[in-house]
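Colleague: Residue strings, one per chain:
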Amino acid sequence: MATTDPVVRVRDVVRTFGDVRALDGVSLQFDPGIVYALLGPNGAGKTTLIRVLTTLLRPDAGDVEVAGIDVLTDPTAVRTRIGLAGQFAAVDEYQTGRENVEMVGRLYGLSAADTRRRAADVLERIKLTEAADRQVKTYSGGMRRRLDLAASLVGQPQVMFLDEPTTGIDPRSRMDVWELIEDLVASGTTVLLTSQYLEEADRLADRIGVIHNGRIITEGTSDELKDKLGGAVLEVGIDELDRLAAMTALAAATGEEPVHDQARDRVRVPARDGAGTLVAAVRALDSAGISPTDVALHKPTLDDVFLALTGDQPPGYEPAADPAVAAEERSA
Amino acid sequence: MSAVTTALPSRVSLSKTVTDTVVITRRNLLRNVRLPQLLLFATVQPVMFLLLFNYVFGGAIGQTIPPVAGGEYINWLMPGLLIQISAFGAGQTAIGLTEDMSKGVIDRFRSLPMARSAVLTGRTFADVLRNAAVVSLMLAVGFAIGFRYQTSFPLFVAGVLLALSFAYALSWVMATIGLLVHSPEAAQSAVFLPIFPLVFASSVFLPTQTMPDWLRVFADHQPITVITNALRGLMLGEGALLPGQTVGGQVLASLAWIVGITAVFAVLAVRTYRRAVS
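Taken in sequence, the protein lines are chains A and B.
In terms of our numbering, the first sequence opens at residue 1 and continues consecutively.
In terms of our numbering, the second sequence opens at residue 1 and continues consecutively.
Among the hints, erroneous ones may be present.
Straight line, CA to CA, 30 Å or less: simulated BS3-like cross-link-like pairs of lysine-lysine [claimed, not checked]:
1) B:K16 with B:K103
2) A:K137 with A:K127
3) A:K127 with B:K103
4) A:K137 with B:K103
Hints are computed from structural coordinates only; laboratory data are not their basis.
This one's a predicted model, so the numbers in the text were calculated from it and none came from an experiment.
Could you build all of it, start to finish, from the sequences and the hints given here?
Modeller: See below:
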């Protein structure tokens, strides 16, 4: 059997809630053994797509296959092959870590003996062996998250779906979760995760789909996405009064459309010729009688991709690029 | 696990359904064992009701109740209170389900290859067992402060079982309510909306004779009165019933209500479950 059959295949999926088209014709597919990151801001449709893929939600239209099985016609068979960790740690506080994992094992349909053996393996793997027989209420946030992510591993799923696995946890726990995900993939599991954090997708994902308003607006490897911007990006600080004129001049000089990044108060424009574009831009500004307060040439980041594609603030970009800080500020 | 990619959808087998139901029931019960204060508070309230009603109203009411109660209000009150706490206890089903929904536990269950029905049956089973524990504690206090059944032990036990069956039926009503309101906070108040008027406009605390006609007609025919009367018939004897009623007749009518409520609301709850979570 060809190993290149896609492990997830989604075609033209639509799901509406009242007037809101949460998924507006999503198509994507990818091969087994990779981490696929679905990147987008709140409300982009990430969670809705995860719910469709994990049999929790029926789409209004479209085809969905996971592990080669049609999600709509045989959800039970799909469920034997997937694992899900949602946005909240769905572990029971009053059960021990081991009891939580063993419960999931039984529900996967494992025998009592297999459940015990595999649960011990899983707990070892997520370094919770010592705490395994304590009630979860004594666990730290990071331990809970690890337990939640790993509980499904007891069923040895082919595909793990992780909805915002690091939202709302501290930086150290985030590193632990990242290592766990890398370990998962190394052992052959396919992972689809959603994230608001470009840094996270950049670090973990083999492929990235950027989702916005219920559509995949671009897709590719981290490098491919950066290439779409044609290399470097020019960032220019401009006095507010001159901004409009400056943007016109920059557009003429580069042949690209400049964007104003409000959060950092910089005008950004793709610099296809690198330093050449920089020189042309500075000349154009100079002849328009505008002196920039700051000029810089940047190697593109995923932030740039997002800004260029959506015209919106990239998620998690301000006030801090650090996910944990951003999460804290959100919940504050 | 062999790969099944036939045209027919895979099904969860009956034995797996039983296992899943046991696993979920156990999980729900464990919470009461590990957090005993939950059970404690669940018991404090009914015991408080028992003591307050008995000592505050007992003296005044003692004279007006039928002679089968032996002149003791507690004998009249106890069967009624068993129904009242069964009804209140069933409210836990709504609260437990909404808590699980809001924590993402239900999503996890639904993403697993388990029997869909196990989530709801495991919840209602656990809640009726929990209710049985509360009822036992309550009966112990009742006996300690003077409650005595006036018939026989088997009839008394039959009465307790009838009360618990009613609690089980109500659990399905509460499951439906919980699935409709979604949030645990809303469930807290929503469950009492049907329970309070039904419990008070009934024969639970007092005979219905002194109620205004329009209310009495309602009170005499609604399920809580029917089942309370059946319990009194079983525990105190036929003299506890209205003229023309028999113990057997009341028990049959109660069973009809219990089966009817369970059948209707189990279907409703399962349907609402499918919709509430998708």
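Colleague: Each of the hints needs a verdict: does it hold here or not?
Modeller: Hints, verified against the model:
Taking the CA atoms of K16 (chain B) and K103 (chain B), the gap is about 25 Å. The hint holds against a cut of 30 Å. For the suggested pair K137 (chain A) and K127 (chain A), the alpha carbons sit about 17 Å apart, so the restraint of at most 30 Å is met. This hinted pair checks out: K127 (chain A) and K103 (chain B) have alpha carbons roughly 24 Å apart, not beyond 30 Å. About 14 Å separates the Cα atoms of K137 (chain A) and K103 (chain B), which keeps this hinted pair within 30 Å; it holds.
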